[in-house]
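There are 2 protein chains.
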Amino acid sequence: MSDDIVLTYRIETPGSVEGLARKIASDQSTGTFVPLPGETPELKARVAARVVDVRMLEPVAEPAFGRTHDDLAEPRSFNCGEADIAFPMEAVGTDLAALMTIAIGGTFSIKGFSGIRVTGLTLPDAFGRAWPGPQFGIEGSKRLTGVSGRPIVGTIVKPALGLRPPESAAMVRELVEAGVDFIKDDEKLMSPAYSPLAERVKAIMPVVLDHEQRTGKKVMVAFGITATDPDEMMRNHDLVLAAGGNAAVVNINSIGMGAMAFLRRRSGLVLHAHRNGWDILTRHPSLGLDFSVYQTFWRLLGVDQFQINGIAAKYWEPDASFLRSYHALRRPLFRPDDRPLPVVGSGQWGGQAPATYAAVRSTDLLYLCGGGVVSHPMGPAAGVRAVRQAWEAAVAGIDLAAHAADHPELAASLEAFGGADAKGA
Amino acid sequence: MSDDIVLTYRIETPGSVEGLARKIASDQSTGTFVPLPGETPELKARVAARVVDVRMLEPVAEPAFGRTHDDLAEPRSFNCGEADIAFPMEAVGTDLAALMTIAIGGTFSIKGFSGIRVTGLTLPDAFGRAWPGPQFGIEGSKRLTGVSGRPIVGTIVKPALGLRPPESAAMVRELVEAGVDFIKDDEKLMSPAYSPLAERVKAIMPVVLDHEQRTGKKVMVAFGITATDPDEMMRNHDLVLAAGGNAAVVNINSIGMGAMAFLRRRSGLVLHAHRNGWDILTRHPSLGLDFSVYQTFWRLLGVDQFQINGIAAKYWEPDASFLRSYHALRRPLFRPDDRPLPVVGSGQWGGQAPATYAAVRSTDLLYLCGGGVVSHPMGPAAGVRAVRQAWEAAVAGIDLAAHAADHPELAASLEAFGGADAKGA
Numbered sequence: 001m002s003d004d005i006v007l008t009y010r011i012e013t014p015g016s017v018e019g020l021a022r023k024i025a026s027d028q029s030t031g032t033f034v035p036l037p038g039e040t041p042e043l044k045a046r047v048a049a050r051v052v053d054v055r056m057l058e059p060v061a062e063p064a065f066g067r068t069h070d071d072l073a074e075p076r077s078f079n080c081g082e083a084d085i086a087f088p089m090e091a092v093g094t095d096l097a098a099l100m101t102i103a104i105g106g107t108f109s110i111k112g113f114s115g116i117r118v119t120g121l122t123l124p125d126a127f128g129r130a131w132p133g134p135q136f137g138i139e140g141s142k143r144l145t146g147v148s149g150r151p152i153v154g155t156i157v158k159p160a161l162g163l164r165p166p167e168s169a170a171m172v173r174e175l176v177e178a179g180v181d182f183i184k185d186d187e188k189l190m191s192p193a194y195s196p197l198a199e200r201v202k203a204i205m206p207v208v209l210d211h212e213q214r215t216g217k218k219v220m221v222a223f224g225i226t227a228t229d230p231d232e233m234m235r236n237h238d239l240v241l242a243a244g245g246n247a248a249v250v251n252i253n254s255i256g257m258g259a260m261a262f263l264r265r266r267s268g269l270v271l272h273a274h275r276n277g278w279d280i281l282t283r284h285p286s287l288g289l290d291f292s293v294y295q296t297f298w299r300l301l302g303v304d305q306f307q308i309n310g311i312a313a314k315y316w317e318p319d320a321s322f323l324r325s326y327h328a329l330r331r332p333l334f335r336p337d338d339r340p341l342p343v344v345g346s347g348q349w350g351g352q353a354p355a356t357y358a359a360v361r362s363t364d365l366l367y368l369c370g371g372g373v374v375s376h377p378m379g380p381a382a383g384v385r386a387v388r389q390a391w392e393a394a395v396a397g398i399d400l401a402a403h404a405a406d407h408p409e410l411a412a413s414l415e416a417f418g419g420a421d422a423k424g425a
Numbered sequence: 426m427s428d429d430i431v432l433t434y435r436i437e438t439p440g441s442v443e444g445l446a447r448k449i450a451s452d453q454s455t456g457t458f459v460p461l462p463g464e465t466p467e468l469k470a471r472v473a474a475r476v477v478d479v480r481m482l483e484p485v486a487e488p489a490f491g492r493t494h495d496d497l498a499e500p501r502s503f504n505c506g507e508a509d510i511a512f513p514m515e516a517v518g519t520d521l522a523a524l525m526t527i528a529i530g531g532t533f534s535i536k537g538f539s540g541i542r543v544t545g546l547t548l549p550d551a552f553g554r555a556w557p558g559p560q561f562g563i564e565g566s567k568r569l570t571g572v573s574g575r576p577i578v579g580t581i582v583k584p585a586l587g588l589r590p591p592e593s594a595a596m597v598r599e600l601v602e603a604g605v606d607f608i609k610d611d612e613k614l615m616s617p618a619y620s621p622l623a624e625r626v627k628a629i630m631p632v633v634l635d636h637e638q639r640t641g642k643k644v645m646v647a648f649g650i651t652a653t654d655p656d657e658m659m660r661n662h663d664l665v666l667a668a669g670g671n672a673a674v675v676n677i678n679s680i681g682m683g684a685m686a687f688l689r690r691r692s693g694l695v696l697h698a699h700r701n702g703w704d705i706l707t708r709h710p711s712l713g714l715d716f717s718v719y720q721t722f723w724r725l726l727g728v729d730q731f732q733i734n735g736i737a738a739k740y741w742e743p744d745a746s747f748l749r750s751y752h753a754l755r756r757p758l759f760r761p762d763d764r765p766l767p768v769v770g771s772g773q774w775g776g777q778a779p780a781t782y783a784a785v786r787s788t789d790l791l792y793l794c795g796g797g798v799v800s801h802p803m804g805p806a807a808g809v810r811a812v813r814q815a816w817e818a819a820v821a822g823i824d825l826a827a828h829a830a831d832h833p834e835l836a837a838s839l840e841a842f843g844g845a846d847a848k849g850a
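Order-wise, the sequence lines are chains E and B. Residue numbers for the first sequence follow the working numbering, so the first one is 1 and each next one is one higher. Residue numbers for the second sequence follow the working numbering, so the first one is 426 and each next one is one higher.
The set of hints was computed from the structure by calculation and includes no laboratory data. All C-beta atoms, glycine included, are put in the ideal place defined by N, C-alpha and C. You can take every hint at face value.
Not the full set, but computed from the structure, chain E residues with beta-carbon under 8 Å of chain B:
id, residue
1, T68
2, G106
3, I110
Please construct the entire structure, taking both the sequences and the accompanying hints into account.
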């Protein structure tokens, strides 16, 4: 087994779960729709995938793919099960695009499913040797920001789009003065006509370096270097590095695995991954793939900081799903330093700190607040202090409202942002 | 309007379709979850997306995302509508990763949908100037194979995985002798230990060139050059080209847009795109994105031959969906030569030729038969002849069974593969 790649598929079908599991194993290795002259027993033994286990689950009444497709319109019940399928290393190798093609991509084309989701992935050690993993990860992020014993507090230059470089730089000046550890471009900001990356870097980095000169604290600023053309992305990378920057936002799904591999091999920056588009792959709980599977690819490729959501996110993702993502990032794949720093964000402002800490029992995270910092009623500096106060309280086990009694910035946050979610947290 | 990028979203929600359309426009340009100091009217006018039109559709009783999520568990009816949203070019630019991030990727994270699908995309002319499109496309594919007036007949070396290079070469020898125009590696075959690409090329290309020498016909062989690392993929590309090859299979979703841009810029090969994994994005008819939207990106990036399915495919895709994909590929984006050659495949053997031709009224396609050729009862050469006979009949409007009366290879195909589908076709 140690030389096999094992995938787990949650299969839903009006027909036989086990039959479809066997079909995945056959279609995704040697098979086609008719018997073949060259498909010898010896060849099959060498490269054929095989079903290792099938565990039946409760049937469901509605098909995950909906009732539009003819074969799903009539049945009143759909069988469910989880199947483990082993793919021999000899057939796949350690190439991640090969793995994605053979064990994941193609399976979704097979007829007969009413739902299919990839829920598990176990890789042989050879993958750990073949791929670089994070260059900076958790320890590098802490070292470069000088933060330990508490979350790295980050924020996003907002509005997401529309500020010209001097306006962005003015906002950054206010945020570095405010004591924030990390600042990023919104993931939607790359290099538009009104804010070319080169000009933005030129406007912002002197602010960061000047602040470092005066205070000794170098704020990590992650610039949006994403570009479709990997050569252009590398030029973006290089100009951030040359200007003294140390981080970049990368929209991993938009560029794809190849460009990520290309970048990582040449990178001198902390690569902060935004997974926009991931929701397409995962939002329906019976379709697509689990984050635990998805993140394996990007960690091997070398993501240093991985955006996930947070408790009471502004996005659709439920808390339980966020926590599964967090714990997936915390599990070493092959060694402890292949763990990226979890980036907890989306509608965060500090109010979620107690619930977050209670669930994760760690401060090894980047706590990313957009509007929660920049729209604080007493200004961004107070926003940063409020977030740090909330985390101090969370770690010490002090109720936020009690802590707010002698922490006016936190009190103002609770007043401004604290709905039922936060009180409950 | 001509300077805007316009996306159409099919929105399904227990709440307000128009409200969610406005939320997409706001979240995906300037907005966050609280008002922002810098979000001035001038800035909004410059970069803000705006809802141009909302057309209500019939409500549905079951949410596309299923009933697992709390906000979708109770409602008995879900509102549906199509919304057109315009994004200013100044905010997005012509970068495809930026477009994907801003107008597609991020929208799927927004709370409140019970379903969301991107169904339309209209781009300003600047995109046509910014991207190369196909290098060879339809005309190049015809020229290099010497085929006109009928489909290019292609096949796949099977079994998909497991053959060693000399075994693959023996199969290729049989297929070129059989008169096939095009041969490809199965998309799952890249460069595994038992068949490294370099050895496969070395074994196969002499067979192709020898056949060309003797007959004047150069069969197009598309080798699986996909690799995660773009540098490695280029080395793969180069060794195919150096050996006299002229085509490559590229698993576009597995490598991603960046690696495709990288490859296209340097490519001397016909790039045959396999879209494995696309089904994840489209199989649920109310989630993900339409092929018409998806293919726009890959055509601009430079796909020369685009695999879609076919009539009565072995995969899940219904005929109507295949035909929409075909017609999407046939529509010029900005100019006639930005159209890749449609590759009609999946369970094809010739029996579907009449129905295919009746629907598409064109022979500008690569008709790709895997098992349908290599498993023909009289051997692959007969399989190729049977496919060409089927297309002759289809174009001439002759019934397949009638044509089979004096075409024994077609008769044998009908006997071996012709189920109810084919008879009906």
